[in-house]
Amino acid sequence: MEKCELAIVGGGPAGLAAALKARELGLKEIFLLERDNFLGGQLVKQTHQFFGSHKQFAGIRGIDIAEIFKDKLEDQPEIQALKGAVAQGYYEDDVLGYSYRGKFFKLKPEKTILATGASEKMLSFPNNDLPGIYGAGAVQTLMNQYGIIPGEKILMIGAGNIGLIVAYQLLQAGIEVEAVIEATGIIGGYAVHASKIRRAGIPILTYHTIKEARGDEEVESAVIQKLNENWQPVPGTEQEMEIDTICLAVGLTPKVDLAIQAGCQMAYVAELGGDVPVRDENLQTSNSRVYIAGDSAGIEEATAAILEGELAAASAAGEIFPGNSAIAQERREIKEKLADLRRGPVGEHIRRGLARVRRNQNAGRDRYTRSWKN
Amino acid sequence: MLEETGIPEAGKIEENLPSRERLEQGPVAVFECFTEIPCDPCYYSCPLEAIAEFQDINDLPELDFEKCTGCGQCITNCPGLAIFVLDYNYSEEEGVVRIPYEYSPLPEEGEIVLALDRGGEVAGEARVERVQYAEKQDRTAVIWLAVPKEQVLIVRNFKRMED
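Protein chains in written order, with our numbering: chain A, 1 to 374; chain B, 375 to 537.
It is possible that part of the hints are untrue.
[Unchecked claim] Derived coverage of chain A by chain B (criterion: at least 3 residues anywhere in the stretch with Cβ under 8 Å from a Cβ of chain B; other residues may be distant):
no.	region
1	29-40
2	51-57
3	268-278
4	340-354
By construction, these hints were calculated from the structure, which means they are not laboratory data.
These figures come from a predicted structure and were not determined experimentally.
For each residue, glycine too, the CB sits at the ideal point set by N, CA and C.
Can you build the whole structure from these sequences, using the hints too?
Here it is as structure tokens:
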């Protein structure tokens, strides 16, 4: 069994940023485990320019941010970035098991950063298992990574940032987007993304839901319906749309299996997307060896994930090199950048969620914590 | 309502426009950025420092129309594609709207296209006057669209005829 200072699970924006920051702060034995055969996580599908701070990555396309990270990583031989390495379990003696090239390995890290990302939510409606119904992530993977169009006429469900951005990418790929429908009364994503597809002639219908998908072998049409302000279907407003693809962009939920196995105290926090580990402001969980960063800590966006990765790395480094004031200063600076990012109205629900999960007040029931850690 | 349709309200658009006199003086940028999001690249893109420094990264950009020369550097630096440059007095009859554009293939200079408003409705025909696509624009083209003067405040997109 190999020992190391830091293991990072997940090679997306949070994990990559964590690895580089940890190295910068003096850690020498760093393992980065990435399940896929490429690094970058969701960044490799994000063809749009990022918002955020000019001092970080604003104005740069996600696909290019992934390249910047990969280039930096190549200059750091102390970081062992394993692609195709799947974390299999976090054991009671703080051993991390992973499979790699057909073999099982064990790693005993002093500190572990979980940056495992999120998974997409599903929506219940009749025939939602017909071929032609995709999650937005799958559509992006097909289109932006492999150059395969998912269909020719699409209905997008969900007007959050992902729904709006993927609708725009579909238009860029020359695919017809019939409409973007949204069950709530307002467009959840950034208005500039909405305006961009709106001026391309794509209707965005708030208070609309999908009633059912129709088709024998595959999706042939979708029936959409208006909702009233209490989210009840309005009879007689059904409308059938001829489409061959339905794309679901109805939210994400943090991937926290390893945190649960690590005995981290969990809490259900709706604002953060579901069950998340309780953590302090330095992203340390109730298992002091384990830190959480990025979407697995709460659904946000990549700029925040990058900063959280850096913060988790600076926190872990601070405990490995206790009393190092430069590391403490680094932590303060990252926290200020995160606070700046979350200060505005769009960060309101994140601030509320974080306040709940940090104090663990009013947070939902912990359904998971096992007794062996307590 | 912008939050319900994606189309900004007339009042909001009006508030962010330069005066009539300034509009008639020559090219000027207009920012159709109406919700506070953490984003500041426009401030750093302006060579004339015509955009007020952000006190908070979530602030909306504030443009000094007197300092702005309509150079258009900000257009491709806006991740939201929310900046346009208007040249009301491009010629006797026509004005030009410079539009950020990320579809391919790019239109040809001289091509007649269908001008679209903020809701994607056809406002009339327009002529592609110029296509800017330099490397520093990072794959966002800027299309100069010549339109009748009265449509300078309306046209914000276009589609090609063969589409």
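Of the numbered hints stated earlier in the document, which are not met by this structure? The structure breaks hints 1 and 3; every other hint is satisfied.
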